[in-house]
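With chain L fixed as given, assemble chain V onto it according to the hints.
Residue numbers (our numbering), protein chains in the order written: chain L, 363 to 980; chain V, 65 to 264.
Keep in mind that the hints were calculated from the coordinates and are not lab data. All C-beta atoms in this analysis are idealised placements derived from N, C-alpha and C, irrespective of residue type, glycine included. Take the hints with a grain of salt, since some may be wrong.
Below, computed lysine-lysine pairings styled on DSSO-like, alpha-carbon distance capped at 30 Å [unchecked claim]:
{"#": "1", "chain 1": "L", "residue 1": "950", "chain 2": "V", "residue 2": "179"}
{"#": "2", "chain 1": "V", "residue 1": "172", "chain 2": "V", "residue 2": "183"}
{"#": "3", "chain 1": "L", "residue 1": "951", "chain 2": "V", "residue 2": "153"}
{"#": "4", "chain 1": "L", "residue 1": "950", "chain 2": "V", "residue 2": "174"}
{"#": "5", "chain 1": "V", "residue 1": "171", "chain 2": "L", "residue 2": "754"}
{"#": "6", "chain 1": "L", "residue 1": "951", "chain 2": "V", "residue 2": "172"}
{"#": "7", "chain 1": "V", "residue 1": "183", "chain 2": "L", "residue 2": "950"}
{"#": "8", "chain 1": "L", "residue 1": "550", "chain 2": "V", "residue 2": "95"}
Facing chain L, a subset of chain V residues (Cβ under 10 Å, in silico) [unchecked claim]:
{"#": "9", "residue": "85"}
{"#": "10", "residue": "89"}
{"#": "11", "residue": "90"}
{"#": "12", "residue": "92"}
{"#": "13", "residue": "100"}
{"#": "14", "residue": "131"}
{"#": "15", "residue": "165"}
{"#": "16", "residue": "171"}
{"#": "17", "residue": "173"}
{"#": "18", "residue": "185"}
{"#": "19", "residue": "187"}
{"#": "20", "residue": "243"}
{"#": "21", "residue": "246"}
{"#": "22", "residue": "250"}
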Amino acid sequence: MAKLEELVANEDNRVLCLGNEAIARGAIEAGVQVFAAYPGTPSSEISEAMNAAAPKLGFYAEWSTNEKVAMETAIAASISGVRAMTACKHVGLNVAADAFYSFMYMGCKGGFVTVVGDDPHCFSSQNEQDSRWLGVSAQFPIIEPSNPQEAKEYVKRAFDVSEQFEMPMLLRTTTRVSHARADIQFNKFESNYRIGELEKTNRFACLPALARANHPKLLARMEKIKEWLPSSGFSIIEGPIDIIDYGIITSGISYSYVKDALKILDKELPILKLGMVSPLDERTILEFAKDKKNIIFIEEVDPYLEDRISALLIQNEIIPKIHGKSSGITKRYHELNARLVSEALVKVIGGTVSSVKEIEKSVEDTKDFVPFRPPLFCAGCQHRAAFWELSKVVRKDKGIFASDIGCYSLDPWVTDTILCMGGGIGLANGFTRVIKDKPIFAYIGDSTFFHTGMPALANAVYNKANINILVLDNRMTAMTGFQPNPTEVIDIAEVAKSMGVEYVVEFDPYDFEKGKKTFEDALKHEGPTVIIMRKICANEDWRRKRRIGEKIEVFHIDPEVCIACGTCIVQYQCPAIRWSLDTNSKGKKYSVIDPTMCTGCSVCSQICPVEAISKVDE
Amino acid sequence: MVDTYQMVICGVGGQGILTISDILTIAAQTKGLHVLGSEVHGMAQKGGSVVTNLKIGEELNSPTIPVGTGKVLVGLEQNETLRYIKYVKPGGTVITSETVLFPISWKKDKAAADKAREKIREDLDKFEARVYFDAEGLANEAGLSLAQNTVLLGALSQVEGFPITEDELRDALKIRVPAKYLDSNLRAFELGKNAVKKNI
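Only chain V is shown next, with the shape it has when bound in the complex:
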């Protein structure tokens, strides 16, 4: 039996977190694996912290992932990565964008973003497999600032033991992404993938 692969995707409402989990579920299903995820809609989505849990495997029961059991975390915003990093198990992989979306609670501290950068470097050091990169910059390089999520997906494709291959993810992208954005998304995917090859 295939081991259940548990992952966490997090960021801020509007960053395309649900789209990543959509693409992953499409790819997994195409491959004949079962998927079970959990997401939160409604009020919690509005510019708030958003997290989705995703399990890929054969026998799946509960949709949420307890602390310390995720194999991979994909973070679209570094504060959110910090918030949910506890869900990754020791030896797991953390892939995060260095993007900072300004939380309102920082409004009075003009240097908060700088402090956060230091803190996340410290925390990430606890994980052997980690990627901390400018996904937003790469998305812009691909010609679509909103494709940061696809950059991260490209990075994810390089994680050792990830149950879905690069090609399968690309196929799922083709199903999920509107035709006019497909080329830029595929470029974003490549950029993410290559960035990780240097990094991981």
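Only chain L is shown next, with the shape it has when bound in the complex:
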């Protein structure tokens, strides 16, 4: 990660950083004054960088409770004339959609940029949504950088374009841009911070009559951008333009794959790279395509360019052969890479990709052998303890378990559903209406509780839903990198009580018997219950202790007592415990605790049926 001093230094410098940090630097160089965001992979490092830089440079940044509040915070700043930005992951933009859609009718004053991080391949997400469609339907101009350096430049550019046309901008990245690491050219900047002022006009009130008047104005602004686009430098044509047999149209990270794929094939073909993907640079596209016999679209996930540009070509009676998702040269799911793109190109232009059969053969062998290594609860994680206790009280087949988005999504024992942020309590509400013979559980983390859990809880109280809500309050937004959230200052138990929940208890999941009893008691209660596990994230606490050199009281297993029953490894699944490589005096394998991973939570010692596990010093 870039150092904070580098990130805020007003100097021309080459700095090693992530794509997301480059985006933050772009915003800093553009003089952004208000930044608000809710974390979400792959966008979180933008917000981390902005929150770290803000006090150094004197602009405002916050961790908001959700993406909608974040966007509204930034919108207010923009219509008051200052530059503002928000950033979120793709599904976060859905949460902000209500504000996102109507904002365009107002138009902006201070430059406004929303960064959305899409996640082709679902590295850390529940879907592969292509946010360009949201941008188009909300009538946002959309720009798509192809690498971290360009991301920085585009952000800077976006603020100018936004002010020039009074239109908020959407900058779309994907994981491979956001989490690429490169040496990036930073530039000097002038931060001419403005004083916010809200013009008294009816432009900013989205009432029906005003919205009716605003819609054609917004379309007119879009037309102006379209006219300006060919001269903007956002569209780049490269390669041997006199070749008429083939032309490639691409954008974003896919452009960089095209470049490397052509290197692999040792070929040169004309390429049209679109930096702005909505509105379309129609004039440049038509000019590029008009004589081409074949147009090849290279893009990830959805056929966005392909569908829109194919329609444009037909409207203009240009009918080349179209290759892309429709012809199956690339798939409509998962990410691309240089090799996949070279294989796609070969299907159109002929030839072969040099053979890697030998490697592929060995890959096949290895694939069957390499063990699956899914993400797991960390060693000592209190969520594991809580779910273990819950699963001992209500077996998976005897209850309904609606989980949510957060570390607790990793529960291996009971979870039935995971839908969206705050969706656990919402689904649980619905399950009570149709499932009558099983207790219904929802679980949610502290950050998600404040994000979208509260309205669902209010609904459960108001509509008398008989659900049990487990709040896994680990004092931070852990999954996305330990960001702070309102649990620091707002007591979730008090919130639940003030909403009218009668059964509100807190419990310590490391106490195995007490944890079980808490769930048993909750089951007896009519109406919604809220059970709060309030304990600082075990991983963060462990890392803090190691940082300051505090002693961690680790546990060990007596090889002679251990009967290798697997309770700690097979059932409890603590990653700090594994089977021994050697054998004990009876010639049997036994369980071993890795002292560098053990956090000393003690749960394994409580559940071991033969009491083989104890503190190292005892």
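Just chain V now, kept in the frame of chain L:
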């Protein structure tokens, strides 16, 4: 023009994979080379399989490395080495620790680790240049069990044609590693380097 040097670093979340790629990028940048890497954050990091791709050179485009094109693979855990070995091109170099971090899918097979050792030896035989050593043991010998990644870095410094020299890597270590851990890391680096001299 300098040929692009493509490498893969893999292991299990928490082993210091991102730190290795940090040190390599610092060293490359200091030398005036461009770097482009790709890593995965968030959920995939939690005790899961972690891989970073790194390209060092002049004209760099896409951040990921296709199958069969990496010049070197550095593995901090042998199962992960097996998982990503397909990214190394024929004639490339594989440097891996024999460390085994127990994957949950092995929970029912008490002898899985033994079988994995045999399998990796077989697979590694396909590569002429290979190092398979007890990096964890050497890290402990250096006095810092977490410095396994630096042991591997020391080994990497001996790979023929690697674009960054031993001294340049040491300088980058000094920039990246906190002062109180520097001595043990430098020891780990030497141990890794010497182990390879015997091995490669």
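Status of the hints after comparison with the structure:
1. Note on residue 950 of chain L and residue 179 of chain V: the hinted pairing holds, with a Cα-Cα distance of about 17 Å set against a maximum of 30 Å.
2. Using a Cα cut-off of 30 Å, the hinted pair residue 172 of chain V and residue 183 of chain V holds, with the two alpha carbons roughly 19 Å apart.
3. A threshold of 30 Å between alpha carbons decides the hint, and for residue 951 of chain L with residue 153 of chain V the separation of about 38 Å lies outside it, so the pair is violated.
4. Note on residue 950 of chain L and residue 174 of chain V: the hinted pairing holds, with a Cα-Cα distance of about 10 Å set against a maximum of 30 Å.
5. Restraint check for residue 171 of chain V and residue 754 of chain L: the C-alpha separation of about 20 Å stays at or below 30 Å, so the hint holds.
6. As the CA atoms of residue 951 of chain L and residue 172 of chain V are separated by approximately 12 Å, the hinted pair is consistent with the 30 Å bound.
7. Between residue 183 of chain V and residue 950 of chain L the CA atoms are separated by roughly 23 Å; this keeps the pair inside 30 Å, and the hint holds.
8. For the hint linking residue 550 of chain L to residue 95 of chain V, the alpha-carbon distance of about 23 Å falls within 30 Å, and the restraint holds.
9. Given hint, residue 85 of chain V at the interface with chain L, holds; its Cβ is 7 Å from that chain's nearest Cβ, closer than 10 Å.
10. Residue-level restraint check for residue 89 of chain V holds (minimum Cβ-Cβ distance to chain L is 5 Å; threshold 10 Å).
11. Look at residue 90 of chain V: its Cβ gets to within about 6 Å of chain L, closer than 10 Å, so that hint holds up.
12. Proximity of residue 92 of chain V to chain L holds as hinted, the smallest CB-CB distance being about 8 Å (cut-off 10 Å).
13. Interface restraint check: residue 100 of chain V against chain L, minimum CB-CB distance 5 Å, threshold 10 Å, status holds.
14. Satisfaction of the interface hint for residue 131 of chain V is found here, the shortest Cβ-Cβ separation to chain L being roughly 6 Å, below the 10 Å cut-off.
15. Proximity of residue 165 of chain V to chain L holds as hinted, the smallest CB-CB distance being about 8 Å (cut-off 10 Å).
16. Satisfaction of the interface hint for residue 171 of chain V is found here, the shortest Cβ-Cβ separation to chain L being roughly 4 Å, below the 10 Å cut-off.
17. A hinted interface residue such as residue 173 of chain V counts as satisfied when its beta carbon comes closer than 10 Å to some beta carbon of chain L; here the least separation is about 8 Å, so the hint holds.
18. About 13 Å separates the beta-carbon of residue 185 of chain V from the nearest beta-carbon of chain L, more than 10 Å, and the hint is not met.
19. Interface hint at residue 187 of chain V: satisfied, since its Cβ lies 7 Å from the closest Cβ of chain L, which is below the 10 Å cut-off.
20. Checking residue 243 of chain V against chain L by beta carbon gives a least distance of about 14 Å; that is not within 10 Å, so the hint is violated.
21. Using the Cβ-Cβ criterion of 10 Å, the hint placing residue 246 of chain V at the interface with chain L is not satisfied: the shortest such distance is roughly 16 Å.
22. For residue 250 of chain V, the interface hint is violated, the least distance from its beta-carbon to any beta-carbon of chain L being 21 Å, above 10 Å.
Against the hints set out earlier in the document, violations occur for numbers 3, 18, 20, 21, 22.
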